[in-house]
Amino acid sequence: MTLANPSDFNGSLQPQGWLKYFSFSLDHKVIGLQYLVCGFIFYLIGGALAGVIRTELASPISDFVSRETYNEVLTLHGTVMIFLWIVPVVNGAFGNYLIPFYVGARDMAFPRLNAVAFWLIPPAGILLISSYFIAGAAAQSGWTAYPPLSLTTPAAGQVVWILSVLLLGGSSIFGGINFIATVLKLRRPGLKLMQLPMYCWAMLGTSILVVLSTPVLAGTLILLSFDIIAHTGFFNPALGGNVVVYQHLFWFYSHPAVYIMVLPAFGLVSEILPVHARKPLFGYTTMVYSIMAIVFLGLIVWAHHMFTSGTPPWMRLFFTIATSFIAVPTGIKFFNWLATLWGGKIALNSAMLFSCAFIVNFVFGGITGVALAQVPFDIHVHDTYFVVGHFHYIVYGGTVFVIFGSLYHWYPKFTGRMLNEDLGRLHFLLTFIGFNLCFAPQHWLGLNGMPRRVAEYDPAFTTLNQISSVGALLMAISTLPLLINVVLTAINGKVAGDNPWNALTPEWLTSSPPPVENWLGEAPLVTEPYGYGQKQEVTP
Amino acid sequence: MTSTAPLQDTSTSLHGDTPVVAGGHGDFRLFGLATFLVADGMTFAGFFAAYLTFRAVNPLPEGGNYELELLLPTINTVVLIISSFTFHRAGKECRGGNLGASRLWLAITAALGAAFLAGQMVEYFSLPFSLTDNLFASTFYALTGFHGLHVTLGVICITIVALQTRAGGRISASDHFGLEAAELYWHFVDGIWVVLYGILYLL
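Heads up: the sequence lines are chains A and B, in that order. Here this note's numbering runs 116 ahead of the position in the first sequence, where the first position is 1. Here this note's numbering runs 1104 ahead of the position in the second sequence, where the first position is 1.
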């Protein structure tokens, strides 16, 4: 296969400086940062939508927005946050930036496929958000788009919603294929699988989940769009269809989607903790096996979302046991992180604060998850705010905290400058307090019986809802120190040097920011990425 | 598959899909395609699971004629299986350097694929039910239609590959990734059809 001169793509013809981040680059580092910035813009949009939701819920009556608008905002908030912020950023952004460094390659296995995967996202996002402005017809059936609700609400917005989710699913699959090929096939000669940094394993596991489960969602949504457009009856009970089949197929993707979001976060935390505690990662082998165990278990537990959908008892029993088992590998990882911190020389900088807060939040979300896996408890709190609290502890407390921590950790590598620590700690404090103030009360609301996805509620729930809304306001404010920080340091931040943390993972063994093909000479062979406190030999 | 040289020479430039980094062999492009086909297969698996659940849980409405005719789909199945062998032969000829013979076998394969599609069209027009009649009809057309889309894409790919085997084209005895990718895809589509035939027509 012949190819035009590579310099056509990354040589002098390419725009330089910040303009290159708006162009079709094939450099994995540029694509990674494109994912990151694009995702963060959608985070601000999704956050503004969350602000609308919490403002509406600050009082028991529907006074801020109408009920239909509330449903539309809620649908858009869920979809934007999951498909346009968390999944692209924990996978696409950090995966694209770090994985080639970690395997000792100069780029991803399929650079052009990589660029395609990213450039599907902005159009899909614009499509999704523009569907909101179809007057009176925006999607309003929640991010799950359960039929028959998604069949009976106005069709136009729902179809656009499906189209954009299909595009994002395609982006996700292309990315997953690229990561699997890069980690398995593009490793530097002499680098064994069991010498890879933990984030590589996390991305390998995540990509297996993406490749196995995302296509099922795509197929399901195609059938759903047939139901809407062509009036077939797959999921329409009025025409003999079966809504429970939709739920099975949907959760076959969307439960693993949780692990598609948190497994990369696990990997990123496993990179950050050893560096700032100056200790080797505890129990490397068990960490690897527990990732693969989570991948396997994650694929066979989906029906715990359907305990109230009329599932037979054997199914409830199986999915309860399988779901509870996930606590075992997750617990192994959790205790390994604690053991990594134990006795370490811990530097409580912003990256470390966010990572430690992740451990706290994730344990809380994980424990309520085990509770939710039990059928009697689940039936009691199903579709209440308890579930909302639980999954925000997982996806916000789990992944978004890690995204912020990773940003403080790798920003020096991205730009060559340090983020300001004081602003970083302020950002952390506001996020942590706001987050817990926002989502902890929702557990009480749910236990007391407040249903989710409602714009109006019993006035008895007012106080807790107002506390929650204050927390949301704090979280909104918390993005300000981050934005100020990024803008200020981009102008005159402290110059970082190549390796400000004295880290041992390969991305720090090159200049900051790295040159176009990662290393000026040959890629270093790093066989002990966590060898802190040991005699280190880096073969150039 | 081409010879698998050990990974070497990572210092060479790598931008674009040419796997310079892997010593010039196209191995992991086929690996990438295989990964994609796993994903594609999962789409079919989801459809199959939905179809089987519908069959098990939702009874067919009374009074309709939902018996599928077996002769035409069976001929179609045979046609598709033969086309897998003709494609295999095309690959063998190409690797042996007989590009002309390879092109002939590719043309036969594409013709067989087109014949399959024609057979499917004939079947569609002769069926007593249409897409929106009931759940069974909807699933039948969704499954066979989605597979037919794959066959159509395959026929297009085979035609392109056949044109590329002409002198000065991109396929040669030593460099034939396109042909091998199309072959892998075609075998995959055939395999899916055999499963589909089994659960849709025979079950």
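Worth double-checking, as some hints may not be accurate.
[Said to hold, decoys possible] Quick partial rundown of chain B residues pointing at chain A, CB under 8 Å, derived from the structure:
#1 N1238
#2 S1242
#3 A1246
Calculated from the structure, these hints are not laboratory results. All C-beta atoms in this analysis are idealised placements derived from N, C-alpha and C, irrespective of residue type, glycine included.
Q. Taking each numbered hint in turn, which are not upheld by the structure, reported in ascending numerical order?
A. none
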